[in-house]
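Sequences and hints are given; from them, build the entire structure.
There are 2 protein chains.
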Amino acid sequence: QSSNSDQPLPDSVLPSWNEGKTRTAILEFVDAVTDSNDVNYVKPEDRIAVFDNDGTLWSEQPMYFQGLFAFDRIRSLAAQHPEWKTKQPYKAVLENDMKTLAEAGIMGIGQIVGASHAGMTSAEFKQIVLNWIDTARHPIKKVKYTELTYKPMKELILYLQQNGFKTFIVSGGGVDFMRPWAERAYNIPSENIVGTYANLKFEMVNDTPALRRESDGLFVDDGPGKPVGIQRFIGKQPIAAFGNSDGDLQMLQYSTIGKGIRFGLIVHHTDAEREWAYDRASHIGKLDKALDEAAKRNWTIVDMKKDWNTIY
Amino acid sequence: QSSNSDQPLPDSVLPSWNEGKTRTAILEFVDAVTDSNDVNYVKPEDRIAVFDNDGTLWSEQPMYFQGLFAFDRIRSLAAQHPEWKTKQPYKAVLENDMKTLAEAGIMGIGQIVGASHAGMTSAEFKQIVLNWIDTARHPIKKVKYTELTYKPMKELILYLQQNGFKTFIVSGGGVDFMRPWAERAYNIPSENIVGTYANLKFEMVNDTPALRRESDGLFVDDGPGKPVGIQRFIGKQPIAAFGNSDGDLQMLQYSTIGKGIRFGLIVHHTDAEREWAYDRASHIGKLDKALDEAAKRNWTIVDMKKDWNTIY
Ligand SMILES: [Ca+2]
Ligand SMILES: [Ca+2]
Numbered sequence: 006q007s008s009n010s011d012q013p014l015p016d017s018v019l020p021s022w023n024e025g026k027t028r029t030a031i032l033e034f035v036d037a038v039t040d041s042n043d044v045n046y047v048k049p050e051d052r053i054a055v056f057d058n059d060g061t062l063w064s065e066q067p068m069y070f071q072g073l074f075a076f077d078r079i080r081s082l083a084a085q086h087p088e089w090k091t092k093q094p095y096k097a098v099l100e101n102d103m104k105t106l107a108e109a110g111i112m113g114i115g116q117i118v119g120a121s122h123a124g125m126t127s128a129e130f131k132q133i134v135l136n137w138i139d140t141a142r143h144p145i146k147k148v149k150y151t152e153l154t155y156k157p158m159k160e161l162i163l164y165l166q167q168n169g170f171k172t173f174i175v176s177g178g179g180v181d182f183m184r185p186w187a188e189r190a191y192n193i194p195s196e197n198i199v200g201t202y203a204n205l206k207f208e209m210v211n212d213t214p215a216l217r218r219e220s221d222g223l224f225v226d227d228g229p230g231k232p233v234g235i236q237r238f239i240g241k242q243p244i245a246a247f248g249n250s251d252g253d254l255q256m257l258q259y260s261t262i263g264k265g266i267r268f269g270l271i272v273h274h275t276d277a278e279r280e281w282a283y284d285r286a287s288h289i290g291k292l293d294k295a296l297d298e299a300a301k302r303n304w305t306i307v308d309m310k311k312d313w314n315t316i317y
Numbered sequence: 006q007s008s009n010s011d012q013p014l015p016d017s018v019l020p021s022w023n024e025g026k027t028r029t030a031i032l033e034f035v036d037a038v039t040d041s042n043d044v045n046y047v048k049p050e051d052r053i054a055v056f057d058n059d060g061t062l063w064s065e066q067p068m069y070f071q072g073l074f075a076f077d078r079i080r081s082l083a084a085q086h087p088e089w090k091t092k093q094p095y096k097a098v099l100e101n102d103m104k105t106l107a108e109a110g111i112m113g114i115g116q117i118v119g120a121s122h123a124g125m126t127s128a129e130f131k132q133i134v135l136n137w138i139d140t141a142r143h144p145i146k147k148v149k150y151t152e153l154t155y156k157p158m159k160e161l162i163l164y165l166q167q168n169g170f171k172t173f174i175v176s177g178g179g180v181d182f183m184r185p186w187a188e189r190a191y192n193i194p195s196e197n198i199v200g201t202y203a204n205l206k207f208e209m210v211n212d213t214p215a216l217r218r219e220s221d222g223l224f225v226d227d228g229p230g231k232p233v234g235i236q237r238f239i240g241k242q243p244i245a246a247f248g249n250s251d252g253d254l255q256m257l258q259y260s261t262i263g264k265g266i267r268f269g270l271i272v273h274h275t276d277a278e279r280e281w282a283y284d285r286a287s288h289i290g291k292l293d294k295a296l297d298e299a300a301k302r303n304w305t306i307v308d309m310k311k312d313w314n315t316i317y
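So the protein sequences, as listed, match chains A and B. When the letters of the first sequence are read in order and numbered with this note's numbering, they come out as residues 6 to 317. When the letters of the second sequence are read in order and numbered with this note's numbering, they come out as residues 6 to 317.
Simulated from the structure, these hints should not be mistaken for laboratory data. Values in this document were obtained by computation on a predicted structure and should not be read as measured data. Hints should not be assumed to be uniformly reliable.
Pairs count within a copy or across copies, as identical chains cannot be separated in the list.
Pairs of lysine-lysine residues, derived as DSS-like cross-links and limited to a Cα-Cα distance of at most 27 Å, are as follows [as the list claims (entries may be wrong)]: (1) K171 / K131; (2) K171 / K48; (3) K241 / K149; (4) K48 / K159; (5) K206 / K301; (6) K310 / K146; (7) K147 / K206; (8) K131 / K149; (9) K159 / K311; (10) K159 / K171; (11) K294 / K206; (12) K149 / K104; (13) K241 / K171; (14) K159 / K241; (15) K241 / K311; (16) K206 / K146; (17) K294 / K264; (18) K159 / K206.
This is how it looks when you write it as structure tokens:
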């Protein structure tokens, strides 16, 4: 395998990525770690690649999609909760009052919704997520959420897998929110998905085992929690990490500082026309410190507008 | 593929297992779930098999091997801790006073040693475990601990892998104690090992990332914790579970009660000559409730003396 850029590359390799230094950097890294004659060769069992989800594998505007799932859940359950008409943040959700919701913050809303899903079993929650992902539509794009996954990134996952990499999602999103659909959407199985979770409790009811969701014992797989999640679930230092925001800073540091060549990549949202354009000032997916660090660490920056010929 | 027992089986399939109903039960289960014409066919991505470690994949007498590791650690560190000569349970370890140690219990000793390993990084702890597993000898068998892994069970793991199963260890042992050597010993990679763990903290020291071990936030992957660990790390209900003690009861229930055929197996330690013989009255690997439940649930019992022609 050679990454000599004078040679034409087969159309089947990363076709949604435009020719240029971003695509070349990916190909050269993969060539080096898979070439057993290269000083930077890495055995397949150590070819660990970790991907953030929101803003890295699918869109995240105008709100993390798990937040939009939560809002849909509040609307679905409103009839059973007449008190929500006057109680925040439920009132804001029911009135579509985005200003108040922005002030409440995604974590505040997430925790309330997390609590409202506590007490059900893992199997029940999975079914709710599956029903939502199969039916809900994005408020602006008007398509199913899984149609807002990035084609170039799915090609990249496949390309790494074809080159012997083990690919994982390491996301601040809830692990039980992602697993029901991510296997189909990204070709990443449930056991390779690391995310935020709370306690579960095993129980036997009518001779049937179940795991009941609790609201305590929250592990937040974001920021400095991402390397912790990686060690806990994977147990190895990755050699490649893909993110888009300051929440990925520590995961990128943990994955790219070490012996041998490593690969860090940041998806920079620069395409206001086909997707969204935002970075340092955004409430969702803020990219500030990690953008500064990228230059220092030699991480690759995807300029979405320039580097991707197709978004979805 | 057929499990017709009139046909001779190739020598390469489970050679350390004697012909008989235990071996036949394994073969018939695997045949059913891998035969796409069988009503019980299971797609490869759902062929999840979980294995306990202590007493299921390697021996656990006269003490869980992680306990013996802990004792060796106390001896190694004794010169730096003169106060241990008079302080229990350290005194008992240094004097090889097994009666006092038995009274202190493995959990008590484990927690003390866990605390003594808190504050070091994951990388430092891994190196200590690797040094130990490469050099330490079992006090009775006088061989390396990895030579006390069960050959029939390693054949079984391989056989399941060859039939498209995803194989996991789900053990009460420390995940960071198992991972350094289990990949080589069992052909199960670090990301497929679920175990007990405490908190980790990410830090950057001298521009180098590290995960520091803490002593709080303990998750005990034993008993009712095993199904919790399975859901958290794997996210799917297994279709086969392999254990040897009451600590596996809930894992066996969770894995075997469900639609389609499932497979539960208990390794019964019946061979005092080649290994050890113990069950209902043992302090280590007590097998009592799970043995009663096995009959009710139709779990397969391995009679080690009768079913295995080779132990190690
Ligand atoms: Ca993100
Ligand atoms: Ca055991």
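Now for the hints, and whether the structure bears them out:
{"no.": "1", "hint": "K171 / K131", "verdict": "both (25 Å within a copy, 21 Å between copies)"}
{"no.": "2", "hint": "K171 / K48", "verdict": "both (11 Å within a copy, 20 Å between copies)"}
{"no.": "3", "hint": "K241 / K149", "verdict": "between (35 Å within a copy, 25 Å between copies)"}
{"no.": "4", "hint": "K48 / K159", "verdict": "both (23 Å within a copy, 23 Å between copies)"}
{"no.": "5", "hint": "K206 / K301", "verdict": "between (45 Å within a copy, 24 Å between copies)"}
{"no.": "6", "hint": "K310 / K146", "verdict": "within (18 Å within a copy, 65 Å between copies)"}
{"no.": "7", "hint": "K147 / K206", "verdict": "neither (38 Å within a copy, 41 Å between copies)"}
{"no.": "8", "hint": "K131 / K149", "verdict": "within (18 Å within a copy, 45 Å between copies)"}
{"no.": "9", "hint": "K159 / K311", "verdict": "within (18 Å within a copy, 51 Å between copies)"}
{"no.": "10", "hint": "K159 / K171", "verdict": "both (14 Å within a copy, 23 Å between copies)"}
{"no.": "11", "hint": "K294 / K206", "verdict": "between (38 Å within a copy, 20 Å between copies)"}
{"no.": "12", "hint": "K149 / K104", "verdict": "within (25 Å within a copy, 65 Å between copies)"}
{"no.": "13", "hint": "K241 / K171", "verdict": "both (11 Å within a copy, 19 Å between copies)"}
{"no.": "14", "hint": "K159 / K241", "verdict": "both (23 Å within a copy, 23 Å between copies)"}
{"no.": "15", "hint": "K241 / K311", "verdict": "neither (34 Å within a copy, 40 Å between copies)"}
{"no.": "16", "hint": "K206 / K146", "verdict": "neither (38 Å within a copy, 40 Å between copies)"}
{"no.": "17", "hint": "K294 / K264", "verdict": "within (24 Å within a copy, 50 Å between copies)"}
{"no.": "18", "hint": "K159 / K206", "verdict": "neither (35 Å within a copy, 31 Å between copies)"}
Hint compliance for this structure: hints 7, 15, 16, 18 are broken, all remaining hints hold.
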